[in-house]
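Enquirer: Residues per chain, in single letters:
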Amino acid sequence: MAPRLESAERESVTDPMLPAPCRIQRVRNETDDTFTLELEPLNGNRLFSFRPGQFNMLYVHGVGEIPVSICGDPANTQTFFHTTRVVGTVTRAMRRLQVGDVLGVRGPFGSAWPVEEATGRDVVIVAGGIGLAPLRPAVHRLLAQRGRYGKVVLLYGARMPQDILFPRELERWRGKFDLEVYVTVDRATGAWRGNVGVVTTLIPRAPFDATNAIALTCGPEVMMRYVVRELQRRGVGSDHIYVSMERNMKCAIGFCGHCQYGPTFICKDGPVFRFDHIESIFGKAEV
Amino acid sequence: MKTTTLEPIIREQPFFSGFEEKYLKLIVSCARNVRFDEGHVLFREGDAAEQFYLVREGMVAVEVMVPQKGLVTVQTVSEGDVLGWSWLFPPYLWHFDARIIRPTRALAFDGKCLRTKCDKDHDLGYELLKRFTHIVVDRLEATRLQLMDLYGTQT
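Which chain is which? The protein sequence lines are V and D, in order. Terminal number for the first sequence in numbering that gives the first Met the number 0: 286, no gaps in between. Terminal number for the second sequence in numbering that gives the first Met the number 0: 154, no gaps in between.
If we strip away everything but chain D, and leave its shape as in the complex, we get (with noise of 0.2 Å):
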């Protein structure tokens, strides 16, 4: 019987640009494949974060509640994009919420599984740490520019 594995696809993921053979056969376990229709609630703010995706292809909009406004879409990720970060921090819980709005394929890592892995290899930990922090950098860079309202009047 043939087996397929994610490894191939994994490692073209700019994600995990330049990431270790090692650490790729270590997390490949942990990855599945997914694919969601447009209008599917990812998940819900205050859900258990028990994964987090790296997007293949299609587009997902996190969102907020607003009261008196609705849902306000603060981000979109796609392609090549990683939606979530938090499975890596105590409490586990995701803070906004996430929803399909282009039909999407996505990897999906377990965030227990990966986080176990780290546990017992701390280089690893420490470089999956590192291009999370890129991300969350990036994110906040992103979000005080969009705090600035830079296409005001006022900048």
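Next up, chain V with everything else stripped away, as it sits in the complex (with noise of 0.2 Å):
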């Protein structure tokens, strides 16, 4: 006969299917279509932890389940921070959500930014439209760290400048002496005095080492297959490349099968990859 757990046990095993109670504590819009929500999980002596790059699984009652990364300072572990935007059903409902209103959140799941293994070399960050909001956690966890990192560079590429993500922190950011922040957008008018063209266009400029580099990379995949290419095409090795994957993840510990990515699972052994664990797969249009 199986052991009986206490009751005390029990609640300590977290079921990974189990979605907690987070109530919303603050709610910010940050483009049109883009807003950031603040949570707090509603056992308030629960603290969160996790990983740069991670995402968690946010439910909506009644309406739906989707993963969204983890945007927020991993330092912080009483509340976390997840950015969106509305593109279906579940993100214009969450954005509908108020101050007070509780989601339920399953996570953290995935893998993660490699900024550990990262130590001792330049770290170049590549970054369009939301992209960035994953990347961000990995921004505050090398700044926390800094010395032990060559050149940490950030480029960042959006549509419009009115699309720009977190523009206040990109240009506390850029304030700093030992970040390098570079913005470009496709397309401007009026007083935007900042760069224009695809965020593309900032790699072989952008002062690095690319021999002892690593790149982090995320946005649509389409960008970053050309954002692949021109890191190579800069000197930047395969082995050397992070990119964050996004397809539909449901279960998110590898058990339906939604986000399969040929021999591997989005969820589970992603979002975030090692560019040559999937170069052979990288861009087909099925596999």
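No wet-lab data here; the hints were simulated from the structure. There could be a bad hint or two in this list.
[Said to hold, decoys possible] From chain D, some residues computed to sit far from chain V (all C-beta separations above 12 Å):
no., residue
1, T3
2, P7
3, R10
4, V33
5, D36
6, F42
7, A48
8, L92
9, A107
10, K116
11, C117
12, K119
13, L123
[To be verified] Examples of chain D residues lying across from chain V (beta carbon under 10 Å, computed):
no., residue
14, E37
15, M58
16, K68
17, G69
18, Q74
19, V76
20, S77
21, E78
22, D80
23, D137
24, E140
25, Q145
26, D148
Quick caveat: nothing in here was measured; it's all calculated off a predicted structure. The beta-carbon is built from N, C-alpha and C at its ideal position, and this holds for glycine as well.
Work from the hints to combine the two standalone chains into their complex.
Expert: Here you go:
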């Protein structure tokens, strides 16, 4: 007969399929179609820890569940942040939520950015659009232990100046002497005095040593394809490039197979992959 | 009297990386140093394209006038970039506007002078064309990516 668990023990065993109720502490509109939720577990004693690059499954009661990357500072264990774009039924419902409303949260799940492995190297981060959100915890972690790395360079591309995510934070990071930030937009009118062009155009001139750099990239897959190509052209090896993939994740623990990507599951083996591990299937129409 | 030549400055430009010495000596007489203040309009669409620029420092916006929207910046060029290839092809007219958005130092190459030298020495012409083709291909690819609206919801 299986031993019976005492009630306290039962509580401490986390069922990865069981959403934990979390209360919305703050809602912030980032751009026209992008917003950030700050969440706190309803059980106030529970600390929330995650590794940069991981995601949670967010459940809007009665509507549905979606994977959203965690975008806050990993040093903050009291509350956690999710930034997402309004693209479907669940995110539309999520945007209507207000401070005090409760969401179901499962996670954190998935692999992480290699911030420890990057020790002693230059780090180049290439983000496009909302792809900056999953990279933000990595930037926080890199800055928290800044002395471990060589140059840290952030290249960010957005559609228009008004679509730039976390503009105040980007300005603050740019103001630091130990982080180089370059931002570009696809189109601009009026007062914009910065770069115009796709994010790939920033790579050839970015100040990092390609022979001793780790590159982290996140954005639409087509963008990452050209980013990888430009990084390789610059001399960064496939084994030093990391990409964050996105697919239709459902269970988040590798059971359901919805996010199968070749021989891997993105929810379990990803979302962060070393590029040489997926190079043979990356960019293929169907795998 | 001490004379200075632009040859060392031209040689250190990425665009001329690996360019043979004999060709550098040929084209140096077509180049001059230029400097522009912020707000200066370098050229306008339809103007005669008599030169191209190699930006040494600063930033230039390539713009197009869009009815109802005004001037839209479609690209910026900065240190190490080449601005303009309309000098290469008839009718030698600029297809866009170019405006200085940060004080800029550049090398300006006289298009007619270069074309004359290329006509006389086809090896030089081929070498220059290869380099410009590379830039045109890069720009075409970048433009295609821009057209895809990479960061939009549909990608």
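Enquirer: So, for every hint listed, does it hold in this structure?
Expert: A quick look at each hint next to the structure:
1. T3: Correct as stated: the minimum Cβ-Cβ distance to chain V is 27 Å, above 12 Å.
2. P7: holds (21 Å)
3. R10: holds (19 Å)
4. V33: Given that every Cβ of chain V is farther than 12 Å from that of V33(D), nearest at about 21 Å, it holds.
5. D36: Correct as stated: the minimum Cβ-Cβ distance to chain V is 14 Å, above 12 Å.
6. F42: holds (17 Å)
7. A48: holds (21 Å)
8. L92: Nearest chain V Cβ is 22 Å from L92(D), so the label holds.
9. A107: holds (21 Å)
10. K116: Its Cβ never comes within 12 Å of chain V, the nearest being 28 Å, so this holds.
11. C117: holds (26 Å)
12. K119: holds (33 Å)
13. L123: Since the minimum Cβ distance to chain V is about 25 Å, L123(D) lies beyond 12 Å and the statement holds.
14. E37: Check passed: Cβ of E37(D) comes within 9 Å of chain V, closer than 10 Å.
15. M58: holds (8 Å)
16. K68: Constraint on K68(D) satisfied, holds at 6 Å.
17. G69: holds (6 Å)
18. Q74: With Cβ-Cβ at 5 Å, under 10 Å, it holds.
19. V76: Because about 9 Å separates V76(D) from the closest Cβ in chain V, which is inside the 10 Å limit, the hint holds.
20. S77: holds (7 Å)
21. E78: E78(D) check passes; min Cβ-Cβ to chain V is 7 Å, inside 10 Å.
22. D80: Hint holds; D80(D) Cβ to chain V Cβ min 9 Å, cut 10 Å.
23. D137: holds (8 Å)
24. E140: holds (8 Å)
25. Q145: With Cβ-Cβ at 5 Å, under 10 Å, it holds.
26. D148: holds (7 Å)
Violation of the numbered hints given earlier is absent; every hint is satisfied by the structure.
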